[in-house]
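A.B. asks: Sequence:
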Amino acid sequence: MVTRIFNNLWHHVRYIPLLSALSISRGRAFDRRSRALGALVGVLVRYFPIARRRVERELLKVYPEMPRSKRLALCQDMGRNMGRTLFEILHCAEFQTLRNRLSVSGAGLDDLLKARAEGKGAIIVSGHFGQWEAVRAALKTRGMETGAVYRPQTNRHYERRLYAGIEAGGRPIMATGKIGTRALVRHIRQGGFIAILLDEKYPDGARLPFLGHQALTSLVAAQLALKYNLPLVPAYGTRTGDGSRFDVEFEQAIPHTDSVTMTGAFNDSLSARILGRPDQWYWMLRRWKGA
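255 is the number that my numbering gives to position 255 of the sequence shown; each next residue is one higher, with no gaps.
Source of the hints: derived by calculation from the structure; they are not laboratory data.
All values derive from a computational prediction rather than experimental measurement.
Hints should not be assumed to be uniformly reliable.
Claimed, not checked - Calculated cross-link-like contacts (lysine-lysine; reagent style DSSO-like; alpha-carbon spacing at most 27 Å):
hint, residue 1, residue 2
1, K120, K140
2, K227, K178
3, K178, K201
4, K289, K70
5, K227, K140
6, K178, K289
7, K289, K201
To be verified - Here are the simulated distance ranges between beta carbons:
hint, residue 1, residue 2, range
8, Q153, H213, 23 to 33 Å
9, R189, Y63, 19 to 29 Å
10, R160, E65, 16 to 26 Å
Even glycine gets a Cβ: it sits at the ideal position worked out from N, Cα and C.
Work out the full structure, taking the sequences as your base and the hints as a guide.
C.D. replies: Now the structure itself:
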């Protein structure tokens, strides 16, 4: 009983900083609120030692010669992007109305349109890069509502709000795990589209190169694409200009070979995006841990 009360109280306490940040700017325009949270998170990542060290450690794996001043600036830029991304996800219903800010291109869009016309499902793969929800927003505006796979959060207040935001971007939403996987399979077999972020460490995954280092990577997306003969399309929403516009690019579907080769091709695709815009990737994923 005491433990449950303490846990409930701790959930409230941990949620207060985010709730306060979102409440202070309430009533202002969408972009001003987004920039405000981005600026706050950027400062926290750069100057809060635990967060800064975590980002710097990962940066040094990929950029061992990068000067400290540039690493610190990159910490702040990454935090700014993630703060804005979080705000947009938590307010995804409003974000979905800003479709005129999306510039959409890429051969992969034709692959998805073809799959939809044939009544087939599709798997869209991306990473914690730019604003990944811009990808689902672009598809939803074109009549291709796309579900998503997400990792449940331990804080029930944050979980409730995050889930609502992700759901506003497209249904169904499936949690990671066996139950979610079964629901995912049913969805794609019935002709549904699903988006999966493939850049998190997967303990039971294959050791594949990612940004020049071995990383434990899930093969599930490629395995499902092969098993059910579905297109596997890498897609990215890159933040541009003042940060309120997005280039959404659907790369050509990855050729069907085997799950390791296909997943490796995605890792190469995402790596190229990150090397081009390192400020837009979430460097706090501990991507190479355990590999």
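A.B. asks: Look at each hint and say if it fits the structure.
C.D. replies: Hint by hint, here is what the structure shows:
Between the alpha carbons of K120 and K140 the distance comes to roughly 16 Å, so the proposed pair stays at or under 27 Å and holds. Between the alpha carbons of K227 and K178 the distance comes to roughly 17 Å, so the proposed pair stays at or under 27 Å and holds. Taking the CA atoms of K178 and K201, the gap is near 17 Å; set against the 27 Å cutoff, the hint holds. In summary, the hint linking K289 to K70 is supported, as the alpha carbons are separated by about 24 Å, within the 27 Å threshold.
Our distance criterion of 27 Å between C-alpha atoms is met by K227 and K140, whose separation comes to about 26 Å. Only pairs whose Cα atoms come within 27 Å are accepted, and K178 paired with K289 is accepted, the gap being roughly 23 Å. Our distance criterion of 27 Å between C-alpha atoms is met by K289 and K201, whose separation comes to about 7 Å. For the pair Q153 and H213, the supplied restraint of 23 to 33 Å holds, since their beta-carbon distance comes to about 28 Å.
The hint said 19 to 29 Å for the Cβ distance between R189 and Y63, and at roughly 43 Å that hint is violated. Between R160 and E65, the C-beta spacing of about 44 Å breaks the proposed range 16 to 26 Å.
Checked against the numbered hints given earlier, this structure breaks hints 9, 10; the rest are met.
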